[in-house]
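J.: If you want the building blocks of each chain, they are given just below.
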Amino acid sequence: MSAILQRFISRSQLSLWHNTVQWMLPGAELRGLHTTAIANKAQAGRYRVTRDRSRPLTYEMANQPFKIAHRKSWNSWNTTSLLEGMREPETVVEDIFIRRFMTGTWHNLFLSEVIIKRQHNMVRIAGIVHQKINAQKMYFLTGYCEELLSYWLKCPVKLELQTVTDKQDVIYKYI
Amino acid sequence: MGSSSARSFSTLLEFTAGYVTSVRWITTTGKKVYVLDMRAQQLLRPLACRSLATSHPRAEIKAAAEEEFRTLEIGRKKRERFTAKTFKPATMLPPRYKQQKTDQDWGSVWPAARTFHPATVPFPVRQGYPASGQPTPDKWANAELMKIPNFLHLTPPVIKRQCEALKKFCTPWPAGLETTAKQEKHFPVTVSKSSYLHSSPTIRDPKARIVTLKVHLRSLDLDYHGRDKLLRLVGERYDADTDCLTLVADRCPLSQQNYDYCQYLLTVLYNESMKTEPWEHEKELVDLEKYVWEGSPSQAAAQNVVTARGINDAEELLKEYGQVVTDLHNEGEDEATVLRYQESVMKLLGLTDPQDTATASEPKYIQGERGQDKDGWVGQARRDWVVRGVKLWEEGCEGQRDRGVLQPPAQHHDKNRAFALLSLEDTSRHLRAFQKTQIG
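Protein chains in written order, with the UniProt record's numbering: chain B, 1 to 175; chain F, 1 to 440.
Read the hints as simulated data drawn from the structure, not as lab findings.
Note that beta-carbon positions come from the ideal geometry of N, C-alpha and C, so glycine has one too.
The reader is advised that the hints may include incorrect statements.
Here are the simulated EDC-like cross-link-like pairs (lysine to aspartate or glutamate), alpha carbons at most 16 angstroms apart as the crow flies [said to hold, decoys possible]:
#1 LYS319(F) - GLU294(F)
#2 LYS139(F) - ASP169(B)
#3 LYS207(F) - GLU84(B)
#4 LYS167(B) - GLU84(B)
#5 LYS214(F) - GLU178(F)
#6 LYS139(F) - GLU146(B)
#7 LYS67(B) - GLU144(F)
#8 LYS214(F) - ASP243(F)
#9 LYS158(B) - ASP169(B)
#10 LYS319(F) - GLU284(F)
#11 LYS173(B) - ASP250(F)
#12 LYS207(F) - ASP138(F)
#13 LYS290(F) - GLU333(F)
Ranges of calculated distance between the beta carbons of each label pair, as one might list FRET restraints [said to hold, decoys possible]:
#14 SER192(F) - VAL49(B): 57 to 65 angstroms
#15 LEU154(F) - SER81(B): 22 to 30 angstroms
#16 GLU236(F) - SER81(B): 30 to 38 angstroms
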């Protein structure tokens, strides 16, 4: 029944009908009409293979999300996910903010993900940076980020960056 | 802002030696003023400089006139070949590990916890899953090595050095507290609480308020009544196996308050236990915390038996019997207590012990059915039945034997052996046979 319906009616229409029925008859049994997203088509962290194998991937990109803790490790290190860990939502939001701030401040310079490691009250931000700008500017940006982030996050922040001369240095493989 | 800048602009114009001031009309709109203000400043800056340097403007014009004329280019202009702007890497210092000596002090190179840096770490290290046909990713530009925590700041020499530095803050272990027994004697109360260190900017954790106080009851100066009352008051907080009383306080927000509350609780518990309230004398037999043989019906019965049998030195016998009965009630019925009870009862009643001549060391009258005999009551009942049955059997046998009617079975010729091998069913069977012979 639902298969026939789905052949002739688009997903949005089905969803609309589902919602309407739910509004008119709350809790109505509509097991045949499944209108949620398809679960087995996860796209996150997967890259399309090119014909000439020219898409460069870093180690981080080459390993899919389910390989975390097997082939690659996490980009955020903190104790919130431990048993009875504290400040989980705050830490997540702070990490998102730090990532945005770093990618924006070091514009087109970060060649890896921004790695955020929390140790006691200290936040260590690590990553691999391209040597596109001269050293003075890098020193400035480092101090600028540390100063502003430690002011906002109310804790000492340290930038521990590694620089590479060539973008090719971080390429793991081509697909 | 517009008008003020325009005003300053006009004063500037007046200062710069009275040059043409036709831009004054722009003061009406703010934005334009700003733009033109900047332009005019740039325009006027060389003039102002010149006026300061007191050089003549005509000299520069003369120098420009001496330059070559522009060449006339006929036809299409040649296009310069476009070259991509190449990034010229700045002169880089060599990595630090190339300047490090082999006998360097690593503790000062890497003094504190830090993210891995390949130029500082002098040894080759690799991490990661290799791509097909490639070696394992090395330390250069390896983000995985930067993610994981490292212990490069905690090498053995550094730890040794830090321990040496901390040694001057340590005090010797107090004399007289060498053994656990001594520690327990002098410090019977153990107070414990936890501190939590999260990777977060706050050091507050609600779990840090919980305080646990532990004390052994044997270290409290309690009499029998006090101990009993304390146990009734604390309930499940007492662990009989370790003789330990545990008080946990978490109702106050601070650990200090909870600690004070623990101390208060212990004091109050002790003092309340030592008090005897008037209503405590209303305690009845069922309220007793455990079985007391003295004054019980069992004691009266045993006394009766002893007086009936006319034993002179019954003191020890009664004492042993009382102890056994007390154990049976307080420790519960298991094989050992029931066995002891059996022996004691037989001794009290003056019955012979069937175990002396029986083959094995375990009670043979329940041989073969030991699995069913875990319940003490069944054992007792069966024992009673067996005793009664054997008595009847013996009486019957004696009667029959006199008349020459019944001979006991060959394997049952020994009285004790018969006692040992008889089970409840056997007894009833023999009883029935006996009755038949009586009737017949």
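J.: Run every hint past the structure and note whether it holds.
T.: Tested hints:
no.	hint	result
1	LYS319(F) - GLU294(F)	holds, 10 angstroms
2	LYS139(F) - ASP169(B)	holds, 11 angstroms
3	LYS207(F) - GLU84(B)	holds, 9 angstroms
4	LYS167(B) - GLU84(B)	violated, 41 angstroms
5	LYS214(F) - GLU178(F)	violated, 20 angstroms
6	LYS139(F) - GLU146(B)	violated, 25 angstroms
7	LYS67(B) - GLU144(F)	holds, 13 angstroms
8	LYS214(F) - ASP243(F)	holds, 10 angstroms
9	LYS158(B) - ASP169(B)	violated, 24 angstroms
10	LYS319(F) - GLU284(F)	violated, 24 angstroms
11	LYS173(B) - ASP250(F)	violated, 56 angstroms
12	LYS207(F) - ASP138(F)	violated, 44 angstroms
13	LYS290(F) - GLU333(F)	holds, 14 angstroms
14	SER192(F) - VAL49(B): 57 to 65 angstroms	holds, 59 angstroms
15	LEU154(F) - SER81(B): 22 to 30 angstroms	holds, 25 angstroms
16	GLU236(F) - SER81(B): 30 to 38 angstroms	holds, 34 angstroms
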